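Listed below, chain by chain, are the residues.
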Amino acid sequence: MDGDVLVDGRPVFTDDIDFLELLHGKILRSPLPHAKITYIDTSEAEALPGVKAVLTYKNVPQVKFTTAGQGYPEPSPYDTKVLDDKVRFVGDRVAAVAAETEEIAEEALSLIKVEYEELPVVFDAEYALSESAPKIHEEGNVASFVEKGYVDIGRAFEESDVIVEGTFSLPYAQHVPLEPHITITYLDEYGRLVIRSSTQVPFHVRRILSMVLGLPVHKIRVIKPRIGGGFGCKQEIVLEDICALLTLRTGKAVRMELTREEEFFASRTRHPAKVRVKLGADRGGRLKAIDMEVLLNTGAYGAHAPTVLYCTGSRPLVLYNKAEAVRFKGRAVYTNLPVAGAYRGYGATQGLAGMETVMDLLADKLGMDPLELRLKNAIGKGETSPIFEELGEGRKGVPQVVESCGLEECIRRGAQAIDWWKKRERGIGVGMALSIQGSGIAMIDMGAATIRMNDDGTFMLYVGATDLGTGSDTILAQIAAEVLGVSVEDIYVYSSDTDFTPFDTGAYASSTTYVSGNAVKKAAEKLRDQILDVASEMLCVEKDALFLKDGKVFVKGDEERSVSLKDIGLRSLYVRNQRQLEASASFVSPVSPPPFAAHFAEVEVDESTGFVKVLRYVVAVDCGKVINPPLAKGQVLGAIANGIGYALFEEMKFNGKGKLLNGDLSLYKVITAADMPLVDVIFVETDEPTGPFGAKSVAEICINGPIPAIANAIYNAVGVRLWENPFTPERVLKALRG
Amino acid sequence: MIYGMRISFILNGERRETEVDPGEKLLDLLRRLGCKGVKTGCRKGECGSCTVIVDGKPVRSCLIFAPQIDGKEVWTIEGVDHPIKDTLLEEGAVQCGFCIPGIVMTVKALLDENPAPTDEDIKDALKGNLCRCTGYIQQIEAVKRVVKKS
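Heads up: the sequence lines are chains A and B, in that order. Read in my numbering, the first sequence has 579 at position 579, and its numbers run on one by one without any break. If you want my numbering, it's the position in the second sequence, counting the first as 1, plus 1000.
Hint data in this document are derived by calculation from the structure and do not stem from the laboratory. All of these numbers come straight from a predicted model, not from anything done at the bench. Quick reminder that beta carbons are idealized off the backbone N, C-alpha and C, glycines included. There may be inaccurate statements among the hints.
What the hints assert, rightly or not - Computed list of lysine-lysine pairs in DSSO-like fashion (alpha-carbon distance at most 27 angstroms, straight line): (1) B:LYS1149 x A:LYS613; (2) B:LYS1044 x A:LYS657; (3) A:LYS274 x A:LYS657.
Claimed, not checked - In silico contact screen, one side only, chain A against chain B (beta carbon under 8 angstroms); selected entries: (4) ASP8; (5) ILE40; (6) PRO177; (7) LEU215; (8) THR470.
Just chain A, same shape as in the assembly (with noise of 0.2 angstroms):
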């Protein structure tokens, strides 16, 4: 819908607005992993002509909040503050400067004399669970703890045929999302604070701000305009409350950008985790128990800690429900590394990574096809499982049942398209895996919609949903128009601002399509009753004998009669019985319908390099109807590409002093153009009753799947298995010399 002001390079982006005044924030950073300020002096920065603010920690409200933007009350811990006395990790936040230049702001900061008192440091996250590891935050060091279960697992273990275990570690990575996190914030002519910002979560970003600041709600106006990638690093405020500060305390309009490094290090990355999978089975194959047992690092803070920890077990053990005992022990831990977050997946890449490759190991122990395995285990159609209940995201779930699942054709027509049987026979290098997510969070995640019918029958359409480069506009634009019986261009999409469109939770936990789309229904429905009462006027017809088609309301059973929208706008406005037409409408879901997809990966193992390529993918997906099959195309592949980047290549590194190494693109490896396999995307479309229009999602749960299917696929070519992504030639080589 917006395609062509994007393919123009239209000024549509956070930082493509020219402003007559604008200084420039900076922020200054620490240099040690572990630290006491014990004195700060900006006195010199102060005085540099052009500085027109400096914050430390003693100018700044101490309030402790969570820069995870969450529905309230968010569930992450309250363990941050805009500027501390104390610092946690190489590049956490010293001080701020904004200046009349970038260059002013960048000498301003190394003008600050800071002394720090060194603190003792704590890398890893197994050692920040013991007693003698320093503390990071006063509480210790455990962000997160859930231990959950169902059915004696010792007994279950017990009267297992078959036992395998296996534990997978995934390292730090990041979202790398093209445009960097940038905000620019400025009072408005009423001496508001407005903040335009490329972000998520424009309605949480408000109510945080608000908190921490101490303004009104009504006080703040935070717009999003287009936004380069997310992926769920700018669920997360990053520079709004700083840069925020700096306009209030200068008056005028400031600009933060955080330059690539800084967004490799200070944004947010995926939780670095170790997941261990123990599996117990009967010889029929069928899963007697599952114990399962998580650690995850969450850095220096805990934004999104206990959310990412619950969602790495209730996935996979959502997946398979089968099972007669389920445990699952979780720890998210703080070590004085970059902070996590947020990212596409969302703990189930970490999940799966886990559960998928024990399943390899247990269909190999087993003497059995993998799929078969899967299809005896995994969830279907009209089941539930205890976990919907147990494991919510940070507390406890809602009961659900599954009403669509296309699992087991998604299986079948996968394994063809990648000539499954053939390829096993022969010894070709393929293996697969499963993967899952939600549809929004249920119970919780809630979408509004306005929409209101112009002069001539034309409509604007206003939702607090936020496209992060999804399309969510255009498929939100697609829903209302089914309603109307419109075209898509007859509908303006107006999106995420707060002052002016109804509230939305934001665009995370694959819920736009899901939860956005169903308040968007609803709107349109309401307004679809409103237009053809006046219809119903025009035509002196009931309106139960009236439809909406191709912007007319016509008489059913008799076409030729009708009236144009735009006859009807106009009279509504203008002409007689005047009003507005307009429907407002929200939408909160009692169940998060999972997407299923099965993956396939056919790979080709270099033995003397130990350089893996993968030759081609095949993935078949349930995201129920599809609504608009390009996006939801897109949506795929692009979270593949990620998957197999972070299955091959990428992995943020860090030396003995908790410095990142390889934060630039240069030495970050992400995947391009040359690298992209052959890959098949196939939809099995199931029908989702509680979707609009049958819909469930589609944007995260296809990063699940390329780690463990390519770690089964390298099994199946040269026989040995790979427990920690990703699978460079290095790793490769040291499993294949045993």
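Fit chain B to the supplied structure of chain A, relying on the hints for placement.
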């Protein structure tokens, strides 16, 4: 910025005379002149989002200084009407769109030089333009579609 150096160049077909700072990057000059389609992604020549065409060659505008374009001809997305724009849309290759101006410029430079590229040529040309949304397949198909059309 301490301007004070005068340069003259052709921007999207029009002669421009402007003051620049000797240390100013072409990227910043172009954005200052209103070409906001030139995107800042890394400032190190690694992501390709700031790609423009200078005297027929694709150039990372974050890597060269403004004075270096004195007397040269520069094209940015704002001045380019190319069939790749349509085929990118047709193939669903545009998601967030941030990388797209750079990709359009890279493809234009490729096809101006080599109107019948092989798949390998296309991948080779595009490998310097990072995209985190699409997975590249749609972009490669979009280039092939332009080639087929012409």
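We went through each hint and held it up to the structure:
1. B:LYS1149 x A:LYS613: At roughly 32 angstroms apart (the allowed maximum being 27 angstroms), LYS613 of chain A and LYS1149 of chain B break the hint.
2. B:LYS1044 x A:LYS657: holds, 26 angstroms
3. A:LYS274 x A:LYS657: At roughly 22 angstroms apart (the allowed maximum being 27 angstroms), LYS657 of chain A and LYS274 of chain A satisfy the hint.
4. ASP8: holds, 7 angstroms
5. ILE40: Where the cut-off is 8 angstroms and the nearest Cβ of chain B is about 29 angstroms from ILE40 of chain A, the hint is violated.
6. PRO177: Hint holds; PRO177 of chain A Cβ to chain B Cβ min 6 angstroms, cut 8 angstroms.
7. LEU215: With a closest approach of 30 angstroms, the LEU215 of chain A hint is violated.
8. THR470: OK, holds: THR470 of chain A within 8 angstroms of chain B, min 6 angstroms.
Against the hints set out earlier in the document, violations occur for numbers 1, 5, 7.
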